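K.L.:
Each chain, letter by letter, is given below.
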Amino acid sequence: MDDLERARHFIAVIPHCAALGITVEDVGIGRAVLALPYDPRLVGDPATGVIAGGAVSVLMDSACGAAVMAHPEARGLTATIDLRIDYMRAATPGQRIVTHAECHHVTQHVAFVRATAHDDDAARPVATAAGTFTIIREGA
Amino acid sequence: MIEPVQIVKERRDRALNALLAEVPYVTFLGMRFDRRGDELTAILPFRETLIGVPAPPAIHGGVTAAFFEMAALIELAWTSTWTRMEAGEALPALPRTINMTVDYLRPGLPRDAYARARVVRFGRRYASVHVEGWQDNRERLFAQATGHFLMPDGA
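Residue numbers (the UniProt record's numbering), protein chains in the order written: chain L, 1 to 140; chain Z, 1 to 155.
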């Protein structure tokens, strides 16, 4: 099983990611790209049809976690220690949201991760995230 | 003349339900709110579909963030609604989230979760809200969060 297949399997078995239809688009060393399809059930503001910030949080937390698991130092479980999300603008209704996450630094016990989310207009981010995640070493 | 308590309760519950009914995502998560006077406790009944770590099962970290954000938004809207509602006026629009920072203190167990949001600062334009979440024991938080919000015009 290659890395992309492993990541797809990992996300597919997470019940909440399955419920939202989150898919793994790409994965590499310490990085992951996940996508969330538009769904009227996830709307946070019916006046505009804009997706709730919470659904974007789920996507970003999942992408950051997947990036940590795709890092060679952390082949296994991880857990979020802390996650900050900045919401730059409302995502355009009807469009899917794509998140790129990457581990920019990994220490013995902690992975530092950044992520960016955008809709069809990739030049204008919908949200950014910065998080710290646990590194759980096998046999540690 | 003093209003009968049942009339007051009905009006307050109706206003709260009107706020909640606006937001499909509240229904999607299965969130409810317990109201005591103007105090709200957000409730997230456990469901299999909220799981983010299959073994041992734990609530998805993003779900916790989503639950807290919605608890904060509804608390803010409720705070700005309260006086208008008591006066029988229309409800304002929901605030918009600027950012949220969540501290994950321990795994979210496969149990119901509760959250209480406290408006730390309520300004004309910006609000700052702190949220505490717990499950079996109010003193043992499983996560906490701070968020900043943009208030709608005329809130």
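Since the hints were derived computationally from the structure, they do not count as laboratory data.
Source: prediction; values computed, not measured.
Be a bit skeptical, because a hint or two may be false.
[Claimed, not checked] Quick look at which bits of chain Z chain L covers, simulated, 3 or more residues with Cβ under 8 angstroms:
1) 1-11
2) 14-25
3) 38-52
4) 118-128
5) 134-140
From the three backbone atoms N, C-alpha and C, an ideal C-beta is built for every residue, glycine too.
K.L.:
Determine which of the earlier numbered hints do not hold for this structure and return their numbers in increasing order.
P.N.:
1, 4, 5
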